[in-house]
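> These are the residues of each chain, in order.
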Amino acid sequence: MAKKSLFDMTPVTGYEKKLEDFFPMERRCSNCLGCKFVPFEKIKSNRFGRNCPSVWYYNFNLYSARGRFQLGQNIIEDGYVGWEGQALDAIFNCQACGACDVACKVTRFNLEPLAHNIALKERAVEKGKAPVELKAMAAQLEKQKSMLPDAKKADRAKWAAGLKLKDLSSAKETAEYAFFPGCQYAYDPDLAKKAKTYVKVLLKGGVDLGYLGKGDMCCGGRAKQTGFRKEFEAEAKANAEIWKKAGIKKIVTPCSDCYHAIKRQYALLGIDVEVVHAVELIADLVKQGKLKFKKRVDLSVTYHDPCHLGRLGEPFIPWNGTEKKILNQVHTWQPARPRYAGTDGIYDAPREILEAIPGVRLIEMERVRENSWCCGAGGGCSVFNPEYSDAIASERVTEAQTTGAEAIVTACPWCEINLSGVESENGTFMDVVDIVELVAKAL
Amino acid sequence: MATKDSLVTMLGRANVIDDPKALEAYAENHSFDLHFKPWYIVKPKSAEKVEELVKWANKTGTPLVPVSSTGVKLRGDSVPSVPEAVVVDLSGMNKILNVNRQHRMVVVEPGVTYDQLNAELAKQNMVIAGSLRPKAGQSVLTDVVEAVPRLNPMIQWNFFDPLRCVEVTWGDGTRMFTGEALGGPRDLKAQWAKQQWQVQYMGPWMTDYYRLVTQAQGSMGIVTWASLKAAVKPLIHQLYIAEADDLESLEGFVYKAMWTRFPDEIFILNKFQLASLLAEDYDVDELKDVLPPWIVAVGAAGRELIPEVRFEARSKDLIDIAQSFGLDLKEGIANVPGRLLYEKVTSTDKNEIYWKDDYEGSHQSVFFLTQLEKTGLFLRAAREVAEDLGYPTENIGVYIQPKHLGSSYHMEFTFPYDPDSAAATARVQNLVDALSVAVADLGGYFSRPYGKWAGIQLNKDAQSLMALKRLQGIFDPNDVMNPGKLAV
Amino acid sequence: MAMSKDFYRALEDIVGARNVSCDPAVTENYRCITAQSSAHYGPYATRTPKPLAVVLPGSTEEVQQIIKLCNKYKVEFKAASTFWAAMGYIGSDNAIQLDMIRMDQVEIDEKNMIATCEPFAIGGTVSVEAMKRGLNCNIAGVGCSSSTLAGSSGWVGFGPSSIFMGIASENLLGAEWVLPDGEIIRTGTLGSDGEWFCGEGPGPSPRAIFRGWTGTAGTLGVCTKISIRLHPWPGPKWIPVRGTAPAYFADGLDCVRAYTVCYPDWDAYAESFRLFYEADICYLAHRQFNMFGRDIKTAMVEIFTHPEKQFCDLPALMEDPYIKEQNEQMKVDVQIVMAGFSDRDLDYKEKAFDEILRQVGAHKSEYYLQQDIEDFVKLYLLRLGRKNYNYTLCSSYEGNFGLSGNVFVAAPLMEEAAALKRKWEQTHTGVAAVGGDSDMGSVSGIGGGGTTGWEFFVHFDGFDLASIEDSNAHIEETAAWMKEKGLGTDFGRWNADARKPDGYNYSQAEHDSFYEKLPQPAMAEYQWKIREAFNPNHLTGSYYKTLTPKEFRKGKK
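Chains as they are written, first to last, in the working numbering: chain X, 15 to 457; chain R, 442 to 929; chain A, 5 to 561.
What the hints contain is simulated information worked out from the structure, not anything from laboratory work. Cβ coordinates follow ideal geometry from the N, Cα and C atoms, glycine included. Among these hints, one or two may not hold up.
According to the in silico footprint, chain A covers these stretches of chain R (three or more CB under 8 Å from chain A) [what the hints assert, rightly or not]:
#1 628-640
#2 808-814
Partial list, computed: chain A residues near chain R (C-beta under 7 Å) [unchecked claim]:
#3 193
#4 195
#5 349
#6 526
Let the sequences and hints guide you as you build the complete structure.
See the structure below:
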């Protein structure tokens, strides 16, 4: 496929667009249980063998990817089920974390459970069936360009007060990278400090960095995850326009949600901007010797892979193909369709950073990398169903505690917030640390 | 007389016995349970006649008590617990109906003995997994159906191996095959013609009918043939022995050896039990002075396929494992070459007096299932009870046998006593009663609940008892099959 | 059918409102689309009936209360854990579905080699927990995503490991059952002493009625906990895995060897099975990859071991001369895995294996000697986590020419069965054209060897009605051919008498008409009596096969 121009904005075809496109998949799912468990060859215990927060919490089959495939049939094909009751509950209580998708692809070549889950949400949103909290979030996005409830557009750049960053908004200044903090880092007072730290660390490493100041907006990723496709697309296009105007070609973000949205979802819309997560740059700077850890940080940590940086953080691959049966009934994609198996996400960079910090001891949890357990915040669940979201976070904290580590380290503000202050099943808490805090301490 | 006439009409005069001495002899047994001499002994010669007999018993309300072995009756299971009973002696049905080398399957009638069967199997280089030195007249079928433990638990993937399919006439007079054989016509020859060798014992649907005749003491029906899985006979074999001062010292090794599956035979004996087994060749009292308190015996074998390689690998590995547990596994210990012990345990006892009776004239046994790590508890209990009652603890025989790949362990205490002494008899009776209760209290499991054990065991589990009664109501609705057994 | 409000309210009282639902989105989700599951009848595009409600019990006591309630209100019920198979689903409009997902615990008694498992402990997690302690469990051929308890209490349960580890029935020790009338029975030592090590007796085993060749498919109450026999595992606590999904490989499992045997003919194949049984050398033994079909099996393994490859690469791979040659050599093949419990043990097993191959004139496949391929096979068969590969080719499959029996009977018929399937592949586009022979199965369907279990995989598209219908017709013809050969009921038709094509239960009259023709009908008559004794209100559907006894038929009694 010919390389498009940077902001071509021609949507990539081939991939399913609307719910009806998934009907063959709904029928072809074989109910193997893959979407309820860590891939069977990677399971390390019964206790932490499950992968899908939704069906782990709610237990009814409906809340699994398989259940949603069956629900899709019931809605589309036979109309046995309407857009109401537990159908809606199951549709929205999905973190869109993609664990089911990764597990499914270990054995299946023609199913896309995550995309299907989101397609169900999108249709529900179109029908006006989204939870009120999510509707409010979408309205806030339109109004204030952020999905955080109290965010004000005018306050967007407050986080950067005192930083000497190039202002790229007017295209008067240029930089190799635009720092894109994302809403959490921009508006949450605690996280804002960490955003500054990110900037300082990157500058210290010699990165040519600027930002858009008040011109920054929400990436819209949450809108996509929650089924607000139109709002997401509008936001993505608006961002692209701004970046285009500002001449921005590369973006660095400390937020995994933003990273995923720009890397994968924008790309699907034809927005082909290069995005890196801050940990990738930091890891490179450490490797190149541009950042040197001089201080010891005596801490045992376990690293939580954010879904959107890990299994959902794989590079986008354009594809425009069709299905074709061979050997009478063997279903194929022609040409071969990209299989997002989750293994090409950003896993090594954060681990390399942690291993390079003197005194830090990394102890892995059972569910790591592409099989990581979601923090619970995805899919807007922390907004409209905090009890559920907290339960998922608690499960992760419990798992982290079994490692014996003193703290959980992560590289996503959503994960950081959701895992912080949550009790494990033993009724105890764990420190949750942004990876940049450890980096700053060690420099 | 109507009864006798009916029986004679059915089975022929020669096969109906009512000679008082014979009746008396059939009632003799080692148990202290209430028992009655039968009114008749009948000797049907075919499954059809057995079926006819059971149907007749249902019409007339006659209790039937099947017996297949000959010789001393160590337990009271084949002796009537009620008056007016007819003993069904199947020892004359002693044909080996089929031997199949390809699948190592054999089909035997109830009267077939170990010596008879092994002689036939040896022609095709096979052997049947045996129990610990049975009497010469022991019916193989009964031994297996009653789940008497095998010396080699490694070829027991199933609790009842080597038992596979049976033909049974249930207490209601219905005759049928079980397992794989139930899926086809009730005609063995027709099944063999289709290369069906009665290998698969389950079902054939969702009910394991054969399980209902196991450990049943003939209370559910009468088995008229059983298919059994034979083993390939070893070309090279050595029974190794390691000694120990106490039972606990053997535990680690036995667990590990079971885990590896390297042994063929594997069992534990205490000094007295070992000496008793060797009584033909040695004086038991003299042996008691020289033998170690405990031994574990472990077999290593090589069979048709590269026998030397297998034998050597198994031997060396077992010796190494034993060593890692501080045990010296050898080809024999003082006075006891492993080969001699192997010969004793794997052969039948052809002496007039059974080996367990040899020391004092008679014996009583208490046996049950447990787990290896708990055997010490029961040993202490047995010693304490014996001491309390003044029974010499040095005469307690102990035999521990892993079953079913080591899932459970048969533990057996043997108490020799002088049957001519009323005091000794009373003492051993009290001992057995007290120990049985103590065993049950400690969680010992009387899976084969003979005599009073039925009451002790079944009363611990009301639901299983109710289930059993419901099943007896289905398969023996008129309670003609060995009534009084499995009673609470 | 309407459900009593009181009945539903009582269910809420038992399990809590959160764990019961009659919302159509939930209840529709518990209808089995039988073409999407290897249902052993059909395939059909129909769905099983919709339950009145779905209940998620969290304990044995809750199950007991639910069943007592069902008896009071005369509502049918069925419990299932993974819903992988059609037999777990209800068969009437007046029924509730129990989903056992909340009961998922597994405990290991390392010393005594026992696992206790709740219904939703799957083979994958049980084996993982066992391996940590140097142990392993038999995983049914259906794969490690199936419930260990369901395989042990509900269905057949043999697989690649059964030659060494026995089948589910053989490994089942104690069990806790809530009977169809609501009483709880605990078998063997569990009932008397709360110990899990023996499920037999006392005396004749009541266990007999819960588990035969198959389990009772959820028709004799609800099994809430079992113990199973575990078996030795000489490898590390976790199977180390390398590679990129889906091309995962077992890494550095030196105590395990995996080979594929190529035979000159079916006689050699059968004879080698006899020798494998006698030599006692196999840890796992299965004809596995042939399930994709004789013409494509090597290409499929290539795809699975190369993450960049997909099914669109099949045609090119099939034309590759090297792969063609491998398929040719492996026309008659089997996968064998040996595990060494010591160096000497592994040495003996290797030598015995070589000797068996020499005696029957077979050889090891060179293709499968490649490190990656061997490591792929090890992981595949040890964990059996790829059983969804059964479905991956076309999205669905059903077995035909399937039996468990004497390999010396089956082997001479393999080519004839393959020709029959090839004919269908050529004349009907509904059946995937994979080379006729797509036989797969266990070298042993019983511990230690003795019977084998096999089936031909008929791959079809569950989305495509014509494909479903073609496959059904093909299986029907095979079943007729098998009848003609005197082979008994085809595996693909095993449940044809358990559930109607429309997904509903059979009536007793219909069952009577089937089973009165049995060569020994007593087997079904006694089950009728057992049902009357233990399931007096007939609340569990027609997977339980019953024939009204003669004395109760046609006006008698």
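> Look at each hint and say if it fits the structure.
Here is what the structure says about each hint:
Coverage of the segment 628-640 of chain R by chain A holds. Counting CB-CB distances below 8 Å, 5 residues qualify, and the rule asks for three or more. Under the rule that three or more residues need a Cβ within less than 8 Å of chain A, the assignment of the segment 808-814 of chain R holds, with 4 such residues. Evaluation of the residue 193 of chain A hint against chain R yields a held restraint, the C-beta minimum of about 5 Å falling below 7 Å. Given the 7 Å rule on beta carbons, the hint for residue 195 of chain A holds: about 4 Å separates it from the nearest Cβ of chain R.
With 7 Å as the threshold, the beta carbon of residue 349 of chain A comes within range of chain R, its nearest partner Cβ sitting at about 6 Å, so the hint holds. Hint status for residue 526 of chain A: holds, given a least beta-carbon distance of 5 Å to chain R, under 7 Å.
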